[in-house]
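Protein chains: 2
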Amino acid sequence: MNNFTFFSPTYFVFGKNTENEVGHYVSRFGGTKVLIHYGGGSVKRSGLLDRVIKSLDESGLSYVELGGVVPNPRSGLVYEGIELCKREGIDFVLAVGGGSAIDSAKAIAAGSKYDGDFWDFHSKKIPITEALPIGTVLTLAAAGSEGSPNTVITHEDGMLKRGAAGEAIRPVFSILNPELTYTLPPEQTANGIADIMAHVFERYFTNTKDVEVTDRLCEAILLTMIKESPKVLNNPEDYGARANIMWAGMVAHNNLCGVGRDQDWSSHAIEHELSALYDVAHGAGLAVIFPAWMKYVLDHDVNRFAQIATRVWGCHMDFDNPKATALEGIERLKAFWGSLGLPLNFDELGANEKDIPYMVKTIGLKEDESIGNFVPLYNDDIEKIYKLAL
Amino acid sequence: MNNFTFFSPTYFVFGKNTENEVGHYVSRFGGTKVLIHYGGGSVKRSGLLDRVIKSLDESGLSYVELGGVVPNPRSGLVYEGIELCKREGIDFVLAVGGGSAIDSAKAIAAGSKYDGDFWDFHSKKIPITEALPIGTVLTLAAAGSEGSPNTVITHEDGMLKRGAAGEAIRPVFSILNPELTYTLPPEQTANGIADIMAHVFERYFTNTKDVEVTDRLCEAILLTMIKESPKVLNNPEDYGARANIMWAGMVAHNNLCGVGRDQDWSSHAIEHELSALYDVAHGAGLAVIFPAWMKYVLDHDVNRFAQIATRVWGCHMDFDNPKATALEGIERLKAFWGSLGLPLNFDELGANEKDIPYMVKTIGLKEDESIGNFVPLYNDDIEKIYKLAL
Chain R
587 MNNFTFFSPT YFVFGKNTEN EVGHYVSRFG GTKVLIHYGG GSVKRSGLLD
637 RVIKSLDESG LSYVELGGVV PNPRSGLVYE GIELCKREGI DFVLAVGGGS
687 AIDSAKAIAA GSKYDGDFWD FHSKKIPITE ALPIGTVLTL AAAGSEGSPN
737 TVITHEDGML KRGAAGEAIR PVFSILNPEL TYTLPPEQTA NGIADIMAHV
787 FERYFTNTKD VEVTDRLCEA ILLTMIKESP KVLNNPEDYG ARANIMWAGM
837 VAHNNLCGVG RDQDWSSHAI EHELSALYDV AHGAGLAVIF PAWMKYVLDH
887 DVNRFAQIAT RVWGCHMDFD NPKATALEGI ERLKAFWGSL GLPLNFDELG
937 ANEKDIPYMV KTIGLKEDES IGNFVPLYND DIEKIYKLAL
Chain W
587 MNNFTFFSPT YFVFGKNTEN EVGHYVSRFG GTKVLIHYGG GSVKRSGLLD
637 RVIKSLDESG LSYVELGGVV PNPRSGLVYE GIELCKREGI DFVLAVGGGS
687 AIDSAKAIAA GSKYDGDFWD FHSKKIPITE ALPIGTVLTL AAAGSEGSPN
737 TVITHEDGML KRGAAGEAIR PVFSILNPEL TYTLPPEQTA NGIADIMAHV
787 FERYFTNTKD VEVTDRLCEA ILLTMIKESP KVLNNPEDYG ARANIMWAGM
837 VAHNNLCGVG RDQDWSSHAI EHELSALYDV AHGAGLAVIF PAWMKYVLDH
887 DVNRFAQIAT RVWGCHMDFD NPKATALEGI ERLKAFWGSL GLPLNFDELG
937 ANEKDIPYMV KTIGLKEDES IGNFVPLYND DIEKIYKLAL
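Each protein sequence line maps, in turn, to chains R and W.
Residue numbers for the first sequence follow our numbering, beginning at 587 and rising by one.
Residue numbers for the second sequence follow our numbering, beginning at 587 and rising by one.
Errors might be hidden in some of the hints.
One copy or two, it doesn't matter: identical chains are merged, so the pair holds either way.
Below, a list of computed lysine-lysine pairs in the BS3-like style, where the Cα atoms sit at most 25 Å apart [unchecked claim]:
1. 813 <-> 795
2. 602 <-> 795
3. 602 <-> 640
4. 817 <-> 795
5. 619 <-> 630
6. 947 <-> 970
These aren't lab readings, by the way, just hints derived from the structure by calculation.
Isolated chain R, as found in the complex (with noise of 0.2 Å):
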């Protein structure tokens, strides 16, 4: 096991009705004057925005509204809401949405600190160090991005999509309802659990040793998504499973489930170039690529992967070839992917092969540079893994 540091100190506050108490940890936290920022229409058709709004109310607080956010959340709007703050004199920012909400959020928060261009810190020129104090009302379970220091934006010049991360775009309070991801499509539900099923996965495949604690961890959220899933597909408003999605969507993401062990990250930004390209959902994306990744990276580490299958997706172990386990657990995991409607290769998702030059060019990789530590992968890999995808 590596050294670690591990701190989340973010408040959650989870279970029905809590969006009602939005008001009173906003005021907790220091807030008195509000940038609330969402997505589309649904927060509004949903009669969420009016009790976030009659919450501040009841506590005194002033606000300003920003909508618009949308999946992939763009620089424009992030640049709109740095304006909006610095004229207004914002002093908290609340997200009410799903991760793209809560991102650009975390972006508008870091950016109304600072005086230059806020892709600063997503092109990695600078590190976060300071932010307005950031809340959320999570509507989707998926990017954990309620309980995570991290940020990913989609710049508009040149559709650069990039992540950043700062303690200070830590939410100082998240309120997590189950009851709010009733009303979610099937295919946005589909997504976040490959979400959230990959932000395990990305912490799985490790080299660093001794991390049984940690491995566990991992599986006990991926055995909780294999039971709970197919429940809220078959029954949109089964409160219990939709309650263990969300709550294991911030575990599978606040690091509880990484400390101690390096962490791969490759299929993170193999996938965030589709998405920027064809303006998928990451899930989607993410259940296209994580497959093609494991195939390709299986004999590196067969007993890993043998591992999870047996572990997780309750494969009888071959003892004379383990190999043929592993491939097992892969397709299990394609199977079950496939039974909630994800898509599994480019055709799917409606990405096409002519197009894997420039993703891995966009990647940015010079000749020796590589992405990834369960196997460094080089450009020449990266393409080999999207045409598996196909």
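Using the hints, position chain W against chain R.
Okay, now just chain W, sitting in the frame of chain R:
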């Protein structure tokens, strides 16, 4: 799943040599004049106390020492510590040791900000709302006090063992170096293992439905303990195994495994009378009480016991007779704890049947009062559980 809040803001610093950073972290969390609180001579003999003091010196911090914490920490030293903190103007309490040193430090930190008798907290007369900040350098994987808001103290007047809790006494940082546990006597290592597993059991046995994610997280910790525990008893300097157990001990008790579900905690109350009366280790007492409690309440939910038997202990489910599987799980637990050298009955613990009526009485329940949530236990139930443990 029940509504819940989850808040675990402790900054954890984990790994080799991390105790040498303690001065940095005390400063970072605002300490300038430190009470170093510890137990017996082992932290001196091992050189740990010297390394801690060197690190405080390097950060320009002043300090006073208060040693002498004993297992099942006593009120007398707490009063002495409070007096010392007030007299010396201490602004930070640093516990160096296991759960006893940390629990004693927490009581001192709370008492130092209170004009009355600190026992008011433990006798539930008033809540803990304020305390000096607390840091820890952990030397024993067991109590989970390094990440919890709890303190358990034994009052020397009547040997009453009582707990108190409050966010103000949750450590602001905890330093966990698994190497510091190498020199523990085997029985202390084993007692710690029982304590960690018991913290999971108290949460696992619940009547709350739809709690798959926390069930799986509980099972993850137990599976880790089953794999790693024999290793450390075979080789006390197995870093990987010590590291897995140490982190599991934190996760077992910061309530990540217990959110959204009713918890039981009757076995802890029943055990407290044993460790208070005989001054035996808490973990040893739990090894005696828990299997007896499990047998006593088994019929309340045979399937839950069958679930843990199959998922954690690897039993094959007897679909014709789930209770047989459930009982097999309890027997596997006893065999496992026995293999670690833990006591499994009153005789092995050094307890006496004749004291049972006294212990039942000392728990202090009126005729119509009960403890525990999985199955509420009245005085005659508690007596029967003690007798099952003979």
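Verification of the supplied hints:
| no. | hint | in the structure |
| --- | --- | --- |
| 1 | 813 <-> 795 | between (29 Å within a copy, 14 Å between copies) |
| 2 | 602 <-> 795 | between (41 Å within a copy, 15 Å between copies) |
| 3 | 602 <-> 640 | within (17 Å within a copy, 51 Å between copies) |
| 4 | 817 <-> 795 | between (35 Å within a copy, 15 Å between copies) |
| 5 | 619 <-> 630 | within (21 Å within a copy, 53 Å between copies) |
| 6 | 947 <-> 970 | within (13 Å within a copy, 72 Å between copies) |
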